[in-house]
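Peer 1: Which chain is which? The protein sequence lines are A and B, in order. All the letters of the first sequence, read from the start, carry residue numbers 81 to 285 under this note's numbering. All the letters of the second sequence, read from the start, carry residue numbers 294 to 780 under this note's numbering.
In short, the hints are calculated from the structure, not lab data. Here the structure is a predicted model, which is why all the values come from computation and not from measurement.
Below are the SDA-like pairs computed for lysine to any residue, each with C-alpha atoms no more than 25 angstroms apart in a straight line: (1) B:K643 with B:G737; (2) B:K738 with B:S654; (3) B:K326 with A:D254; (4) A:K193 with B:G499; (5) B:K457 with A:T248; (6) B:K326 with A:V246.
Looking from chain A toward chain B, a few residues come up when the C-beta cut is under 10 angstroms (computed): (7) T201; (8) R225; (9) T232.
Idealized CB from N, CA, C, for every residue including glycine.
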Amino acid sequence: MIQAIAFYLFATLTIFSGAVTILARNPVHSVLWLILAFFNAAGLMILIGAEFIAMLLVIVYVGAVAVLFLFVVMMLDIDFAQLRAGFIKNFPLGFALAFVLLAELVMGVGAYKAGGLALGTPDAATAPVAGLSNTAAIGALLYSRYLFLFETAGIILLVAMIGAIVLTHRQRGDVRGQKPSSQISRRPEEATINLQPEVGKGVTL
Amino acid sequence: MELLRSLQITLAEEVLSVSGLVLLLVAAWGGDKAARLISILSVAVLAVCALIAAPALCGSAMGPDVTAFAGQYRADAFAAFAKLLIYAGAGVTLIVAPAFFERVRGMRAEFPLLVLFAALGMGIMVSAGDLLALYIGLELNSLASYVLASMLRSDERSAESGLKYFVLGSLASGILLYGVSLTYGFTGTTSFEGIRLALGHGLSTGATFGVVFVLAGLAFKISAAPFHMWTPDVYEGAPTPVTTFFATAPKVAALSLLMRVSLEAFGAQPHAWQQIVIFAALLSIVIGALGAIGQNNIKRLMAYSSINNVGFMLIGLACANQPGAAAMLIYLAIYVAMSVAGFVAVLMLKDADGEPVEAISDMAGLSKTRPGLAAALAAVMFSLAGIPPLFGFWGKFVVFQAAVQANLLALAAIGIAASVIGAFYYLKVVKVLYFDEATDKVTGKSDLAHTVLLVIATLFISPLGYLLTNWLHGLAGNAAAALFHVA
Numbered sequence: 081m082i083q084a085i086a087f088y089l090f091a092t093l094t095i096f097s098g099a100v101t102i103l104a105r106n107p108v109h110s111v112l113w114l115i116l117a118f119f120n121a122a123g124l125m126i127l128i129g130a131e132f133i134a135m136l137l138v139i140v141y142v143g144a145v146a147v148l149f150l151f152v153v154m155m156l157d158i159d160f161a162q163l164r165a166g167f168i169k170n171f172p173l174g175f176a177l178a179f180v181l182l183a184e185l186v187m188g189v190g191a192y193k194a195g196g197l198a199l200g201t202p203d204a205a206t207a208p209v210a211g212l213s214n215t216a217a218i219g220a221l222l223y224s225r226y227l228f229l230f231e232t233a234g235i236i237l238l239v240a241m242i243g244a245i246v247l248t249h250r251q252r253g254d255v256r257g258q259k260p261s262s263q264i265s266r267r268p269e270e271a272t273i274n275l276q277p278e279v280g281k282g283v284t285l
Numbered sequence: 294m295e296l297l298r299s300l301q302i303t304l305a306e307e308v309l310s311v312s313g314l315v316l317l318l319v320a321a322w323g324g325d326k327a328a329r330l331i332s333i334l335s336v337a338v339l340a341v342c343a344l345i346a347a348p349a350l351c352g353s354a355m356g357p358d359v360t361a362f363a364g365q366y367r368a369d370a371f372a373a374f375a376k377l378l379i380y381a382g383a384g385v386t387l388i389v390a391p392a393f394f395e396r397v398r399g400m401r402a403e404f405p406l407l408v409l410f411a412a413l414g415m416g417i418m419v420s421a422g423d424l425l426a427l428y429i430g431l432e433l434n435s436l437a438s439y440v441l442a443s444m445l446r447s448d449e450r451s452a453e454s455g456l457k458y459f460v461l462g463s464l465a466s467g468i469l470l471y472g473v474s475l476t477y478g479f480t481g482t483t484s485f486e487g488i489r490l491a492l493g494h495g496l497s498t499g500a501t502f503g504v505v506f507v508l509a510g511l512a513f514k515i516s517a518a519p520f521h522m523w524t525p526d527v528y529e530g531a532p533t534p535v536t537t538f539f540a541t542a543p544k545v546a547a548l549s550l551l552m553r554v555s556l557e558a559f560g561a562q563p564h565a566w567q568q569i570v571i572f573a574a575l576l577s578i579v580i581g582a583l584g585a586i587g588q589n590n591i592k593r594l595m596a597y598s599s600i601n602n603v604g605f606m607l608i609g610l611a612c613a614n615q616p617g618a619a620a621m622l623i624y625l626a627i628y629v630a631m632s633v634a635g636f637v638a639v640l641m642l643k644d645a646d647g648e649p650v651e652a653i654s655d656m657a658g659l660s661k662t663r664p665g666l667a668a669a670l671a672a673v674m675f676s677l678a679g680i681p682p683l684f685g686f687w688g689k690f691v692v693f694q695a696a697v698q699a700n701l702l703a704l705a706a707i708g709i710a711a712s713v714i715g716a717f718y719y720l721k722v723v724k725v726l727y728f729d730e731a732t733d734k735v736t737g738k739s740d741l742a743h744t745v746l747l748v749i750a751t752l753f754i755s756p757l758g759y760l761l762t763n764w765l766h767g768l769a770g771n772a773a774a775a776l777f778h779v780a
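Just chain B, same shape as in the assembly (with noise of 0.2 angstroms):
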């Protein structure tokens, strides 16, 4: 009955893994020319999950009702919230997939299937209640990326980008297994209930290394600086659709894990692990600003713009409260929606040829030859910059609302000083595009559902955006109350 009960909770895991079987034998029967069959019917997968794992968000579902397999597993709210935003962030790559890959012939029936066992690992890792399952999940997912982020192995950035990820990526996971091995040491329990328990009656020397160990590790995961390195090199190297995929559903998963970990496992002790996250959010913030500014390559700037970005996350969980959560949980939302809409116009930025074109010099003038093109990604770096009629400043605002809410002052002036900064250079590309010398580099055609994603994401960012805010906030409310949940 226990298994049976667990089997249910877990329904949207088993589903993903199932399916993602079978379309694996349709891979292989199939062959490369079923890729875009096996495309669509893994945005078709991701849907049904998306719609399973709904219900618990709204109805903020939270407690033992939803903990499986002796509390490994949750699909509580909160982790709901993540799954959604993961699986909206994997379709968003199948969907642009095709059209990118099949101009080089680098459409295999494996992309898809790997974007599906990456969303397994990362539904794993947000619902993960235990060290075993954050490890099992995050594994999962950054094996699958390493694969993807090298699959054009015609192009030798590609195969660059990913021998790096592997290489670093596997050293930040052997530092997180540290950290693991040493809190299951010196806690006695691999369960996050048991080692807010054990933590409790206070912290000893060996523990608060195995603290310091899993935050460094997933601070490698979601970019923040001073684990920040590889985060250019491999957003420039890989397909720019895998890219869209990194700068979305990994990070959501990962910035995720990194909020269980920290509220829940390490909750009883927040003075352990708050220093080092305000530490990594302010030098994620300023190196994300400066590194920006020198950058010519459109995908090398929204990198240091996703490190940036996660820096302002990280305000809203080094306030250790629930409105800090719920903060952070909306600005990843609109982060999502940002990521979309920049690397998807980056995607639509093609020569003649149908090359892609990447160097920002090369962008001059788009205003008057592609003047949709140019609006969507002007909107897009003002709302980056956190510029007010756009919905990017709403993700600032509750992060800095937060912030100082807790008390934490120096750390929101420090933050929306460093924001000025930043908006140089999201503001120099606006004013490439708009005021430059038209270089009529970006000549090609766009595919349509390029066209049609482009126009919702950049609607969602768009002033309009502001409709949803009372939505938004309902949705992250509920997420957050289910992580401060403590049975």
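Just chain A, same shape as in the assembly (with noise of 0.2 angstroms):
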């Protein structure tokens, strides 16, 4: 009973939020209703038991991916009011592709009816243990069997960050930077002077 509860709960709130993410006029508000989505999705996958999902969502999606996007929302100046000018004119077109995901859902759920594909059998290395969760499960895969392919993947995420730096950082002349040593070793008797100016004269500085 309160599984169905919960799920009703979530599954109602994702498809709610995410109605508004579309409806929102303020760009704000939408990445805020989308934020609200991802949580209630990852509510959904506990819900199913798939646990490292749900952190995954919380933490790529939300974390990550729609914190980048308040970003790019708030720190570019797009106008809005004019993206949504083009809605009515590609109306025709978006319906096109909304009934093409349509009809791929309606042929994948029927293809699945019919009887599976003749997929191979997995091998029994990767097989789940019985009384583990998720994500020790995936875990005592990640750092024993494919230990060498997941440090390697980190190599490639080392590589990407030094090639983003490569390609954009420069040095130029032209910025006064902050100096924050010198800043801070600067001492109240260097910066400031104590005068008493007498009645009716000016100070020379």
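Put the two chains together into one complex; each comes in its own frame, and the hints tell you how they fit.
Peer 2: The structure is reproduced here in structure tokens:
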């Protein structure tokens, strides 16, 4: 009973916040609704016992992707009114795309109902271990059998980072940067002088 | 214990990655001033890794003794052969790069590091025994290559070539991944041995699609027609040392990977991929030969020449047997030497200000102003054309011999006919060098390192190279035997 209530709660909220995401007038509100949709989707994942995917949804989509969206929306000056103006014009195309997607969904479900494809049987090396949570099972494989590839994947990310820095970072001569060390090492005695000017006379600086 | 054994087998990769990380710290603190030092250290690291890999080749290592991480990694004789060529290509790039980049103040400390990490990725590619290892190695190499291609930010062509390479390379990676997932879905495993066993029972339609997509993705990486479109633009736009790199190391890695995947993973169903390879081979030979005819830029010409040569190498793969694979490896080794000689010679073509000269018409009469350089370039062109006294002929000869022995007479005949078309544009360059009115454009002085490398590579492709045939055949035979060793 409680599962059913939780499912309908999460499912309704997911669809509702998804709809509001595309209907909201303020793009920042859209992103916030999107984050709510991600959270509810994560809840759905927990209900079917895929707690690892739920965590990924929260960490990757909410923590990284949505925040990135927020940055883009807030930092770039995008004229959303103009973007929306094309909505009616492109409506037939969008409708056609939606129809194709619907047809694919129907065909996919139909193919599934008609019986599985002649897929290969997975080998036993990565068979799930009874009594171990998804996260523990994935971790056990990643850090033993796939250790070499896991570490190499880390190096790929490092190369991506080096590449991004090499291609974008440059030393510019015309920028006056902050020098924290000299700011911190400044003492009040050097920075201020105490004077007692006489009445009617100015000070020389 | 299993982990320790695996770590021992993957020693070359560990040395490369750890020294890459240490040198990254040197680069972070030393800045671009340390670039030359890091280049020298990187060459030393590559030499050490070559020494680590070499014993497997000489001792013709194969089988479970050299298999690490549950079959994902193999340090057998085949991998060692490819690795030696890869490290040589990467080392040459690092040696020729500083002189080129320092002139335009473009020598970055990260350049040698990216080459090192690319070499690491290529080492994993050729040692892969699993589709996951294949993909991870390929991506590591590709990512580093995209950055290397756009290394010269002040040069618009360099940025353009990097962007083109990135967009098309990502597309190819996507196609490859799609093939990988189809293969996994229809065979139930990602290990090459497992796929071989599963395909031994028959080939389902889904698995056929997987094979086709994997081959298409890899054909892009080796720049075989009809997936060659990026090659001339990227080769032309990328800084010349980087082009030298692209024409040698990644080509060896991707071709070796293609051999490993076709002959090992899909080896139980050679008929599924033989037609594809034959088609790609013929198309590459013809497009490479015809496309080069109208080119006036020497780097573009070399790009079409590399498409052409990849076609000839694929003939060896189309045989789908051990002599064919050995012939392909011999061709590959000779091709690396020819590319190194060709691109180092192109690097040495500079005008009085040190600006690179790339137009073929500007090289007219080079034999009068720079006889040595002209002779080396002519040797490269004759060798690429496969004209007998030079070593390039031997590579074509062994490949055609293997094709004839494997009853692929028509393929060999068309290949020989097309190589005659190809000879036309190589000879045209020689004609410009020797018989045209001198323009005196190429007057720049050459770097000592360039001259030494050019002399070594030219001696290798000269008739003196035939002294090495026995040795080369022995090594290639070892490597091919390891490839056909089915556990």
